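Take the sequences, apply the hints, and build the full model.
Protein chains: 6
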Amino acid sequence: MPKVRVTRRLHFAAGHRLHNPAFDDERNQAVFGACSNPQGHGHNYEIEVTVEGEVDPETGYVLDVKRLRDLVNDRVVGEMDHANLNVDVAWLQGVNPTAENLAVQIWNRLVGHLDGVRLVSVRLWETPRNLVEYCGE
Amino acid sequence: MPKVRVTRRLHFAAGHRLHNPAFDDERNQAVFGACSNPQGHGHNYEIEVTVEGEVDPETGYVLDVKRLRDLVNDRVVGEMDHANLNVDVAWLQGVNPTAENLAVQIWNRLVGHLDGVRLVSVRLWETPRNLVEYCGE
Amino acid sequence: MPKVRVTRRLHFAAGHRLHNPAFDDERNQAVFGACSNPQGHGHNYEIEVTVEGEVDPETGYVLDVKRLRDLVNDRVVGEMDHANLNVDVAWLQGVNPTAENLAVQIWNRLVGHLDGVRLVSVRLWETPRNLVEYCGE
Amino acid sequence: MPKVRVTRRLHFAAGHRLHNPAFDDERNQAVFGACSNPQGHGHNYEIEVTVEGEVDPETGYVLDVKRLRDLVNDRVVGEMDHANLNVDVAWLQGVNPTAENLAVQIWNRLVGHLDGVRLVSVRLWETPRNLVEYCGE
Amino acid sequence: MPKVRVTRRLHFAAGHRLHNPAFDDERNQAVFGACSNPQGHGHNYEIEVTVEGEVDPETGYVLDVKRLRDLVNDRVVGEMDHANLNVDVAWLQGVNPTAENLAVQIWNRLVGHLDGVRLVSVRLWETPRNLVEYCGE
Amino acid sequence: MPKVRVTRRLHFAAGHRLHNPAFDDERNQAVFGACSNPQGHGHNYEIEVTVEGEVDPETGYVLDVKRLRDLVNDRVVGEMDHANLNVDVAWLQGVNPTAENLAVQIWNRLVGHLDGVRLVSVRLWETPRNLVEYCGE
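Protein chains in written order, with our numbering: chain V, 720 to 856; chain L, 720 to 856; chain R, 720 to 856; chain B, 720 to 856; chain W, 720 to 856; chain S, 720 to 856.
Hints listed in this document are in silico derivations from the structure and should not be mistaken for laboratory results. Hints may be right or wrong, so weigh each one.
Same chains, same label: a pair holds when it works inside one copy or across any pair of copies.
Claimed, not checked - Lysine to any residue pairs mimicking SDA-like chemistry, simulated, CA-CA at most 25 Å apart:
1. Lys785 / Glu765
2. Lys785 / Glu767
3. Lys722 / Ala749
4. Lys785 / Asp834
5. Lys722 / Arg828
6. Lys785 / Val830
7. Lys722 / Leu833
8. Lys722 / Val750
Since this is a predicted model, take the numbers as computed values, not measurements.
As structure tokens, then:
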């Protein structure tokens, strides 16, 4: 059967502050600039999760995209939306919430939970001009 | 010469209903949900066709993108636009018009008709949040 | 208090066919062209509903935009999404589902149901290039 | 001379929390829900500022749109970008940062600073689905 | 019958240079900056033309939007697309092609050619961040 | 450490004309059509530059995306914006400014200037419907 990639795009809004507690204030400011403002700021994130699998000849689906949507909502978006990513999300404790680190952690939240398809990539838009992509390597 | 990928994005509107005639009504409803409503619904599809080839040193083109546009219009968009994909398109007879199946069939409509370039992928947006991609494997 | 307009944008996918039963086939074809294909086609509609009111000094809201979202979902989007607009929606019986007629009917579904704010406009995108707007006059 | 409206769209990212200090925690939660989470969240805001004036026959401009861009950057975007709107912006002290209140305050920051044109509206997208507009009344 | 506004969005690419022949080079540079570079530059313009009229009870149309599209293509887009706006378009001779002046000239090309509906506005996006609107006054 | 791809999207407006001086006028017209109009036209280009590298455990960055933005602004966008690509840009002399050729030249401007990360691709949108991508091969 042909192999097809299926992508679901979702949205969430969250607050964050870039900060390494091992750095002093001066170094945090030098490395992270305005992203390190103590009171934090935030973004409307767009997330695209892509999986790959063979098309089921009975259904014509690789998977029901609503199942992919529900999984990402349950394990990722529902916990990040309207949260402060530095303090509110259990599985982000101790993680500096750069887009790169968020993409890796989102991958880890999803990778063991998709039956019958392969997780291909997690893409995260922090702004309409800044994008990161993680493919599990 | 350098190898470059060229993508053309096109638009069409179509109706469809997801349905497997080998399933009874209950199973069609269980598998496809509202997508299986007997009267059908529809979408504004966006399609992106990508080819790859060497840049011609005389023209600076991999191919004239208008030629790619015309091909996709002739063999795909012109037949799918304002059609009902379950009944109106000869080369979709017997195909359950999921996005996955449509991407594979569109690939098959194009793959032998591109001289001097390699077809790389067909990407089909069924909604602004749902995307499938087929690369011929 | 200052008066502010608040707009919520929502999405639905639906099928339709343009057709006047008082016309014969030839005239339907002449007036509506491919939009009149008997099997129907469909679109991803985007709808923008705008209300106006004074900002409440206690909340800083004209209204909670989630209340506007829920109202439009309950009375409009939930009934139109994945439906065939010619046959599936009770309050569209006998209506030729042009974008103009849909905008007027959506207005009528909403206008008596918004307390404390004034309904200003219903905007309906049938495609990314075609938009209609109705303001109740 | 013809009168034309000129709009400049700009972008900023900021954090905020909806909260009325005169409400107790329970009421803040009831009114603002997840938007009132104590640690705050944030958004990528898009702002559109529209002015109107006669076209200058010598330049063909109502105003140089770069002058409009610079004004909005100096007085609005430069102070809101990567800020926490509850605490970091002097002219937002004591303002509950709903989209409605922000639009009114942005208007007030701009209205006396535009020579020779009339400020028509401030439109603020808090998310791609939520928009407010203030016209000074 | 209800009055509805219908908008069609179209696209064209064109070159231009901002320049007043009554100015010397220094003043052209001071007023128009990089937009006055002698060799010109260009844009992908998006144009939105809005008309208003009563909904025809027989068709459900204010007007067939394809008729609006064809009119704008014939009288505007077909002449501006892939043209240099300073030299190639007969009805722009002597016009400094600022967005403001273009919107006014486009209005004048359309206003007498729409039967049974009222031309409401011409909106012209010069970039995704710069917009002008002319309403005929 | 995990490897992540980081993409920055930037914008510029430029003029160009497609033309091979080794062709006579008739052949230029046959090959390039309206794109070869002697006075030139132009576009709003969107450019996406993607790099890949390991996430730095101290910063959570592959690289500071502002450094990527500044590099692309300094070496590419700052020289192309509001320029005529046939004559104004030193490193495009003798290059027919097709999207394919531009992507290759932009790659060459960037590839030796990125420390510690690998340049993965340059994507260039000439219009919202036409895209090219070059990956250095």
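Going down the list of hints, with the structure as the test:
no. : hint            : verdict
1   : Lys785 / Glu765 : both (17 Å within a copy, 20 Å between copies)
2   : Lys785 / Glu767 : both (14 Å within a copy, 23 Å between copies)
3   : Lys722 / Ala749 : between (47 Å within a copy, 24 Å between copies)
4   : Lys785 / Asp834 : within (14 Å within a copy, 34 Å between copies)
5   : Lys722 / Arg828 : both (24 Å within a copy, 17 Å between copies)
6   : Lys785 / Val830 : within (17 Å within a copy, 30 Å between copies)
7   : Lys722 / Leu833 : both (16 Å within a copy, 22 Å between copies)
8   : Lys722 / Val750 : between (43 Å within a copy, 20 Å between copies)
Every hint, counting from the list given before, is met by this structure.
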